[in-house]
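Participant: Residues per chain, in single letters:
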Amino acid sequence: MIGDYKGFVKNKVVVALLQAYHDILDYDGMKSILKEAGMMHIKDLRDKNPNDTLDFFSFKKIISAQNCLLFDSSDLLFEIGKKFSFYLFPFGKNFEEIINEINSSIITDWRVSISENNENEITIYVQRCIFCSEIGVPCDLFKGFLVNSLQKSLPSEKKVFYERGIEDLKDPQHNSFIFKLKIDKSIK
Amino acid sequence: MKDTNKREWALKLAILGDPAVGKTSLINKYITDSFRENYQPTLGVNIVSKDMRIEEINSKIRLLLWDIAGQDKYELTRQNFFQGCVGALLVYDMTRYSTFEQITLKWLEDFKKFSRPDGIHILIGNKSDLKDSIKVPYEEGKQLSQKIKAAEFIETSAKNGENVEETFNNLVLHILRKNGIKLKKD
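Heads up: the protein sequence lines correspond to chains A and B, in order. Per the numbering used here, residue 1 is the first one in the first sequence, and the count goes up by one each step. Per the numbering used here, residue 1001 is the first one in the second sequence, and the count goes up by one each step.
The shape of chain B in the complex, shown without the other chains:
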């Protein structure tokens, strides 16, 4: 994290989760307000930047969003991508229970092991628009977020945009708070 005169920050954030949980779609929705129906797996890592301003603390923040491939073939190289990560979205697909289980079995452990020790994580249940197919109820997500000490639990839909912007913004605010920045809501 870079803090020059407390006005400019660069935050490296990881988006983690099993293949096809919607990591890239969440980023695309957040950055370009777009959604693609056809699934195209990420090869390696997809990195995008987005600048945001938080007026109340007179800060410009550059987000570096690392959309890290979930496929097993990246098991060995993936850990190199975590260096310097100050925050993560741990994403599961609400319609596939196995992706929920993998949060504790794999993704949280990787993030804790390889990123910054003071890194913040938020638990995300994605695909909330697929109401008839949901296999992971809200309560279970909430319970897991408490168990893994996530800063927050949010259900999102990359398709219709539900809670997408809030998710990224909240992660940034949690990181700033953790770094001693006072915000109005505190």
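Same shape as in the complex, but just chain A:
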């Protein structure tokens, strides 16, 4: 890991991510990622105060391990992202509040903002996404997080549509991107 990793992350973010790994990959899958990251000591972090923090460098080690082990597993990463949203905001929240809270829960050199918001479409601008900063790594996890976070904030008859699109993963700036989510009535 080369870079300057300053900042901190609230425990509740880490716990939600570990819980998402556990749901999708089960116990050994979660353990594999923590082992690869050299972070096995935090596997029981859920017992700690959710508003305490972990240093960002440690958090980034987990994300890097995840991106290494889940190489070419974009569907799984997307599902983990959805679960991550579920565990971080279990009771649902207004989408704007979720965006504000994710920014204030992961304090480092990144930013998520809503650049356009109307009844049928929301445009999100992610600057220096921390979940996919490595070259060659697509941003499926955070996109899964955003899709599910928006879906949960809508009435049940509305559905979120999105296009994954093609990312130039060799571009070092690929982790700054615009993500459009369309909202429509669900077809039953």
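Derived from the structure by calculation, the hints contain no laboratory data. For glycine and all other residues, C-beta sits at the position ideal for the given N, C-alpha and C. Treat each hint with caution, since some may be false.
Just a few of them, taken from the derived set where beta-carbon distance is under 7 Å, the chain B residues facing chain A [what the hints assert, rightly or not]: (1) 1043; (2) 1044; (3) 1083.
List time: in silico DSS-like cross-link candidates among lysine-lysine, alpha-carbon distance up to 30 Å [claimed, not checked]: (4) 48(A) to 93(A); (5) 1050(B) to 170(A); (6) 1060(B) to 170(A); (7) 43(A) to 1050(B); (8) 170(A) to 185(A).
Keeping the supplied structure of chain A fixed, place chain B upon it in accordance with the hints.
Facilitator: The following block gives chain B in isolation, referenced to the frame of chain A:
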């Protein structure tokens, strides 16, 4: 599979087979040269990475070994683990005939259905050290490997290490060949 300047590769490989055929033990032997007598089932998936170099093609290869739980409870979620797999070891226990039958009934089908269409597989008969209890003779394993078009058939022992390193190395070499890489032995 990633191919950057033909020097670095990442290969996602699945280790498949019924519960307790020795999938985790094969990986442990290969990665850490260790063997555990007590059986502990894998919960979900156990993923480990190992870097290897192949000097003759000046390549660094990162193996991502997906040790996928064989239990029925993972039937529905298991298919998600196969995305991007370029190779698999289909493992049976030489002392339990039912695990041999499951190769064609279940594991090969899953691998073909959910992993990459050009994926390579090797058939593995494990526990060759248990000589007095063997129920699947070599010839039957060999026949099945031909029938299912496995790239190779190997009998291994995760306990004493017989053919373990060769198994993983050969799988990598088969994958490289399939992707047009010329190796000295060709």
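Participant: Take the hints in turn and mark each one as holding or not.
Facilitator: Status of each hint after checking the structure:
1. 1043: holds, 4 Å
2. 1044: holds, 2 Å
3. 1083: This interface hint holds because 5 Å falls under the 7 Å limit.
4. 48(A) to 93(A): Holds, at about 24 Å.
5. 1050(B) to 170(A): holds, 23 Å
6. 1060(B) to 170(A): It holds: about 19 Å lies between the C-alpha atoms, which stays within 30 Å.
7. 43(A) to 1050(B): holds, 23 Å
8. 170(A) to 185(A): violated, 37 Å
Of the hints listed earlier, the one the structure fails to meet is number 8.
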